[in-house]
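Student: Each chain, letter by letter, is given below.
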Amino acid sequence: MEIMQLLSVLILLSCFVLVANKRTKSYIRTFQAQSALLAIAAFILGMENLSGHGAIEIMFVCLLIVTLKVYYIPKLLSHTFANVDYKVEKNFFYNIPLLVLVSCAIAVFNYFSISSAIGGKPTELGMYLANSVSVIFIGFFFMISRKKAIGQIVGLLVMENGIFVAALFASGGMPVLVDVGIFIDLITAVIIMGIMVFKINEELETTDINKLKRLRG
Amino acid sequence: MADLAYYVIQMALFILIAPLVGGIIKKIKAFTQKRKGAPVYQVYLDIIKLFTKDTVVSNQASWVFTATPYIVFASAAAACAFVPVLPGIAMKPLPGDIFMVIYILLLGKFFMAISGLDTGSTFGGMGSSREMMISAIFEPSLIVAVITLGFSAKSTSLGDIMLHSARLGPAIVQPSYMLLLVSLVLILIAESSRIPLDDPSTHLELTMVHEAMILEYSGRYLALMELASLIKQLIFITIIANVFIPAGILVYAGSGFAVLMVSLLAYVAKVAAISVAVACIEASTVKLRFFSIPNLAALSFIASFVGFLQYFTGGGN
Amino acid sequence: MISYLLLLPLVSIVAFWLAKRASQIFALGIAAALIMLSAGVKLSIDVAALGHVNKRYLMNFYVDSLSIIVLDLVLAVSLFVIIYCAGYFKKELERGKTDIKRLRLFYSLLFAFMFSMILLLTTPNMGIMWIAIEATTLASVFLVGFENNKRSLEASWKYIIICSVGIAIALLGIILLHISSIGIIKDAGTDLSWTYLYEHAKELDVNLLRLAFIFMLVGFGTKAGLAPMHTWLPDAHSQAPSPVSAMLSGVLLNNAMYGIMRGLAILNKAMGSGSFAGAALMALGLLSILTAAVFILTQRDYKRLLAYSSIEHMGIIALGLGVFTPASVLASLMHMINHSFTKSMLFLSAGNIYQRYGSKDIYKVKGLYKSMPITGVVFMLGIFAITGMPPFSIFSSELGMVVALFKNGSYFAGAAFLFLLALVFVGFAVTLFKIFYGNAKGEQQKSLKPSPYADIVLVAMLGVITVTGVFMPDGVLKLLTDAQRIVTGG
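Just so you know, the sequences run in chain order A, B and C. Okay, so the first sequence: first residue is 1 according to my numbering, each after it adds one. Okay, so the second sequence: first residue is 1 according to my numbering, each after it adds one. Okay, so the third sequence: first residue is 1 according to my numbering, each after it adds one.
Take every hint as true, because none was put in to throw you off.
Derived DEER-like restraints, expressed as beta-carbon distance ranges: (1) C/E199 - A/T67: 33 to 43 Å; (2) C/S359 - A/K90: 34 to 44 Å; (3) A/K90 - C/A415: 43 to 53 Å.
Since the hints were made in silico from the structure, they are not lab data. Where a beta carbon is used, it is the ideal one built from N, C-alpha and C, also for glycine.
Throw the hints in and build the complete structure from the sequences for me.
Tutor: This is the structure we're talking about:
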């Protein structure tokens, strides 16, 4: 369906916007926007499923996405990072345009390797998969290119978003129990990481992950 | 003969509508600042007023300084001949495609840049170098976007591109077109010197780019330069409007006067809507630090590049 | 049986928060672990007789010989560790280094950790298996950072970030597995069910299955500590308190390997000769052994050294899985058992050493024989065991591995394996033998001696690894052979 293709590409675009950003609030906002796009996609699929098979599972997942990823987790993150950090990241390993170009290279690499791994001809499934795996890898790349803790947490969340995109677009969702379990795991992980960031800030007066260098060898 | 009339009417239309776009943007910005703002037609009155005033020319300036306003205006007016408002009507298309448009505009930009250097003031030189840098880093994304559009329509003439997207549907939802839209919107902001790249209403020395180059102009020269940048803005808005929201452009010559008027109104409505959108973007962000502009340019480039990629791996449409 | 295993940890967690004294908590923990172990043994007898056990309480539960081996390991090692904990924390409470509230937290997290591992091993649904693996990471983060200093904070941050990323990649693999099976699933009961996928493996989409396996290998390999995804392991296993290190090294790494084995079984059944998977596993295995050998040569921290040794042994298991002959897979499974007991024993004795000397630095620990004779002897014999000396169990499984390698014709891998093992022994000898000789500082106070619980556990585990080195009971051998047949597809 065309609108699903469009949403898939917009989610990829939001990943690029994420890498091009410098302000911590923008990270959280971009993640929120990406989750909103995901919720719209889930809603459309859910409507289709509802009218076709009468199954409310995907709508339930859509509801979960909206409450957790669009509303609760960004609130939790903003609250955690409100008093902890600078608002704009100043130091990067490499400058941002270079990072953006690298994420473009990641997307290109994924397009070609996944289409060749799947069979060679460009198919819709291949495009969905390539987009979602690109989101996952760009989220991972975002994680390693940022020096502050919030970068790593948002990167992990974007990776999980990418996995949801893969599950939703390419296979019409996972069994509900699995989806619910994944959400519970995600929330717990974010809460635990928030607690750890507080502790790190207390002990080390900074959330610059690069300063965690005591264990070497 | 009918062709000549068509192109003359089109150029006149552009020159007449361009200040309206500027006026709409100023009005929306005023609303967001809780002011009433000047009326929408104020820009026309300002330009007419400028034509009646005297010009002051620095005695360090050479012929470049006095020739540039005419060259810039001429290039903008010539470029708008190649950008069809209603692409179905032109019976014999002018031999020129989108690359012609881009590089004619670049001619005007080049002269604007060297005229900024011509007067010997520091602001002009600074503005010229910044403008050249912005232009250089946005050019790759513009070219890639244009090439993708050309591949998609199997021709680089703007009329063909617009007709091709009109056949695809009333509003474009192809993934590759969406990415190109994002890229072209960023390019529009760059070319028309709007926030977040350049504040068009400031004269603070460290923050002006476009304004710095035209700082020394006055009277009719200033009027011509202002009009030329407004026309350039309208050219890009027209490209976006007709390529990405092709509702109402499938009219052909001989379809009757009423249908033509309706399409023309549709075009004006689209342009107005896009100007409102540009004004909202302007009102909602801040001007970027100059060295953060490459971030936006990189984003624009990869949006168009991934759009190009998407077009090819998506099977081509 | 399965219900006991699943409910008992949850009940114990509630009980811990109601207990008022430390001794109650200790007793409760040991009792719960004993009951769980006996339930596990009964289950193993059932599985050995029937082949597999199926039950349904709200979800399907399924235990076959592969899961029962890993499950028994979880329960047995947990019992030893919990008995040790009683002694260890008694000493810690006496010295005032911890209080009863943190003790409750520790035990609750430990049992939550065990619950998630039991869930992992008893579910046939790959999605629930993934959730359980992520739950083990989350449950053990605060266990790793229990000591609350800068280093343990760094270790637990690295642990949660790297393991979550790895597990996310494994989830991508599971989703790709799901996509490859879309054509053949019939209803919700068979969706992502390992047994169903295993039966119908030949009907899965081969290209997607290959991609799925690569991602699952990288993802579960991160959790198992295979190089180059091992970077969290030395930090987490060395900074955690010793009982936790024993659990992590001895039990959690096996569960991650279990995940890889399940994926490998399906891939092999679908694709016939698992050639590319075999090559990938062998490469990762050899790389892990090489990395471990290099870093062991230059270690100053004895717990970190033991952690690198875990990486090495996981590499050995991966190497055996990669060669993929029945003999090598059998050797891998046996090696899993042997490594669990030996490594946990070593970590528990290291816990004694740390309690007595207060430092993890090898240069600060001297005169171990004189100050703690039992711990000293056990630690020394343990070092011999872990580097592969007879008559201990690791020798027999490593020997089996070498024979399988050479019989299969992978001469280069076999030679590299032997060379790296020798390198590891040199590394251990050069670094660790320093701590046994010399004069111990500090008086021989009673409070500094390790608790009798700890000593009993250590000697018992030493006995286990000696006995299993020479003799394998028939029942266990049958389970191992069945498990090997599951992995290699009959």
